[in-house]
Amino acid sequence: MATVILQDSEIAARRPSGARISERVQRLLWGGLFLLALFAAWQLEATFGLEPPILLPSPAEVVGAFGDFFSSPDILADFAASGQEFLYGFLLATAVGIVLGLAIGWYVKLGYLVDPLVTFLYAIPRVALAPLLIVWLGIGMSSKVALVFLTSVFPVLINTSSGIRSLDSHLLRVARCFGANDLQIFRTVALPGSVPFILGGLRLAVGQALIGVFVAELLGAQHGIGAMIENAGQQFETAMVFCGLVIFAAAGMAFSALVRWLERHFDAWRV
Amino acid sequence: MSLPSQQAERPAPPPLGAPEDYLCARQLSVAYAAGKDGGIVLAIDRIDLSVRQGELLCVVGPSGCGKTTLLNAVAGFLPISSGELTLKGKKIGRPGPDRAMVFQQPGLLPWRDVLHNVTYGLELSGKLAMREVIARGRELLALVGLADFAHVYPHQLSGGMQQRANLARALAVEPELLLLDEPFASVDAQTRETLQVELLAICRRAKVTALFVTHDIGEAVFLADRVCVFSRRPGRILREIRVSLAEPRAEARLTPEFLAYVRTVAEALRAGKGAAQSETS
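Top to bottom, those sequences are chains A and B. Residue 161 in the numbering used here sits at position 161 of the first sequence; the count goes up by one each step and never skips. Residue 215 in the numbering used here sits at position 215 of the second sequence; the count goes up by one each step and never skips.
Here chain A stands alone, though its shape is the one from the complex (with noise of 0.2 Å):
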């Protein structure tokens, strides 16, 4: 009797890890049969050949516009443009965003006089500063850096700045009534209370960011993977055009990834 009780708990013990595991490796099997029967049926369209390939190439061809690419000498240049305006630009957004919308939900008063700006700056679609930017900065690398850093430091500021807001009171009670004082505070409970918002909002900022990264590549640049889709839609080659729309998904999905993996590790607290 005692060992059928033991059995019994030890299944219980096991079944959610177990539970979790079985629905993940369903999770990938669906999405990735789903995503293979796509590429299947492009290839079948391809085959019977029922689009031009100039309108919609097969995968095959896809494949081989990628091993082009890859030996083209402009590749290290394209890569190492586009990288460094992403890069440059997401990594100012990042710290401008987050001291900024720190502070602007640290003092109420700040956020009193920002607020407004900040509200009308965000209304503007921020790809439509573009022509702007060029005027001001020239259509070197400095315009380019700064459309991706306003594209992408809304968010993250929006979202430090909630965060801020929506500190537990309770906990800031807790915290005084120990004699904190304002840094203290800051430290122990405001910062660690808006990681998650921060990170939500730099996920959020990463597809924003891209956007940013394309949208000044096509108003004139030699280089970058944008400027590349760009010159390829230009002259008809649309599967040199699927190529580089894959960098951009690829690109977006590792950064996001990553993200949630710092999410992750600063959200073993949650529930």
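Among the hints, a few may not be true.
[Stated by the list, open to error] Computed footprint of chain B on chain A; a stretch qualifies when at least three of its residues, placed anywhere within it, have a C-beta under 8 Å from a C-beta of chain B:
1) 73-82
2) 184-190
[Stated by the list, open to error] Distance ranges between label pairs, derived from CB positions:
3) A:Met-253 - B:Thr-194: 47 to 53 Å
4) A:Val-246 - B:Pro-110: 36 to 42 Å
5) A:Phe-266 - B:Arg-94: 31 to 37 Å
6) B:Ala-150 - A:Val-25: 32 to 38 Å
7) A:Met-253 - B:Asp-216: 55 to 61 Å
8) B:Arg-205 - A:Leu-110: 20 to 26 Å
9) B:Gln-156 - A:Gly-83: 37 to 43 Å
10) B:Ala-150 - A:Asp-74: 54 to 60 Å
11) A:Leu-29 - B:Val-152: 33 to 39 Å
12) B:Thr-194 - A:Leu-28: 43 to 49 Å
13) A:Glu-23 - B:Thr-194: 34 to 40 Å
14) B:Pro-110 - A:Met-253: 28 to 34 Å
15) A:Trp-30 - B:Gln-190: 42 to 48 Å
Treat the hints as calculated values from the structure; they're not laboratory data. By construction, the Cβ of each residue, glycine as well, lies at the ideal position given by its N, Cα and C atoms.
Could you slot chain B onto chain A? The hints should help.
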């Protein structure tokens, strides 16, 4: 041994810092602005109260009678309006680590494990090296029976365990005075009884002076060396009742003496209610 009647008749208050007056309120009134219309609420009206070192004083009263206001004033969250409020002869000012507060909600920092929640107050004061802080934290976890849960996050604990961690956090800073604001009101009845027994044992062992606010008469009688019955708002002290029960108190709960004390407190409360009812309704 200051009974309220004696205190009221005292011609002149003794000098501040008299040994029996550890925490001392004289003619203390506290009012605060309430709501958006900025109305002033007089929460406490000219009370005299003294707590001796090592004593556990329970304040009972109907809700909204100013019990919590008294705690907030002692903690330094609320400025006093008139009278005097002193701890060890010194005027009470801003919140500080000499007074630790235990609220009804545990208020543990969700991103810290239990051990680092308990050491939170110590870290803030910055008086000890981190190794000593951790050692002290472990001591207190053992004291409240959470030694095995040092590296667990608060959301993984039951309500009663969270409240124990909360208590340990308050005790960790070795406060002169422990302020408890209905700390067991939101745990289930059985856990509450256990926690009461443990609190009593911990207070005796750590020789803590405590001011405990509750609306639960049984709890007050069980824990207190002295029970202070508050009237409806504005809070005045209706009666002070010295409680002496046979030790250990854990077994005293259903004894005739215990029930007699409960009745005394309940009658004092009811008398206050009757007096106020004619005014309000």
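Notebook entry, point to check: For the stretch 184-190 of chain A, does the count of residues with a C-beta closer than 8 Å to a C-beta of chain B reach 3?
Noted result: Three-residue rule met by the stretch 184-190 of chain A, so holds; n is 3.
Checklist line | Leu-28 (chain A) and Thr-194 (chain B) - C-beta distance against the hinted 43 to 49 Å | finding: 47 Å Cβ-Cβ, so the 43 to 49 Å window holds.
Check: Cβ-Cβ distance between Trp-30 (chain A) and Gln-190 (chain B): within 42 to 48 Å?
Finding: 47 Å, holds
Item checked: Given coverage of the stretch 73-82 of chain A by chain B, tested with a Cβ cutoff of 8 Å and a minimum of 3 residues -> Violated - the stretch 73-82 of chain A has 0 residues with a Cβ nearer than 8 Å to chain B, which falls short of three.
Next item on the list: Take the C-beta atom of Glu-23 (chain A) and the C-beta atom of Thr-194 (chain B), compute their distance, and say whether it sits inside 34 to 40 Å.
Entry: 39 Å, holds
Notebook entry, point to check: Does the Cβ distance between Gln-156 (chain B) and Gly-83 (chain A) fall inside 37 to 43 Å?
Noted result: 42 Å, holds
Item checked: Pairwise beta carbon distance, Val-246 (chain A) to Pro-110 (chain B), judged against the given window 36 to 42 Å -> Holds - the Cβ-Cβ distance for Val-246 (chain A) and Pro-110 (chain B), about 40 Å, lies within 36 to 42 Å.
Note to self: Tell me if the beta carbons of Ala-150 (chain B) and Val-25 (chain A) are separated by a distance inside 32 to 38 Å.
What the structure shows: At 35 Å between Cβs, range holds.
Next item on the list: Indicate whether the distance between the beta carbons of Pro-110 (chain B) and Met-253 (chain A) respects the range 28 to 34 Å.
Entry: Distance hint for Pro-110 (chain B), Met-253 (chain A) holds at roughly 30 Å.
Next item on the list: Return holds or violated for the Cβ distance of Met-253 (chain A) and Asp-216 (chain B) against the range 55 to 61 Å.
Entry: 57 Å, holds
Item checked: Thr-194 (chain B) and Met-253 (chain A) - C-beta distance against the hinted 47 to 53 Å -> 52 Å, holds
Checklist line | Arg-205 (chain B) paired with Leu-110 (chain A), Cβ distance criterion 20 to 26 Å | finding: 49 Å, violated
Consistency with the previously given hints fails for numbers 1 and 8, ordered from lowest to highest.
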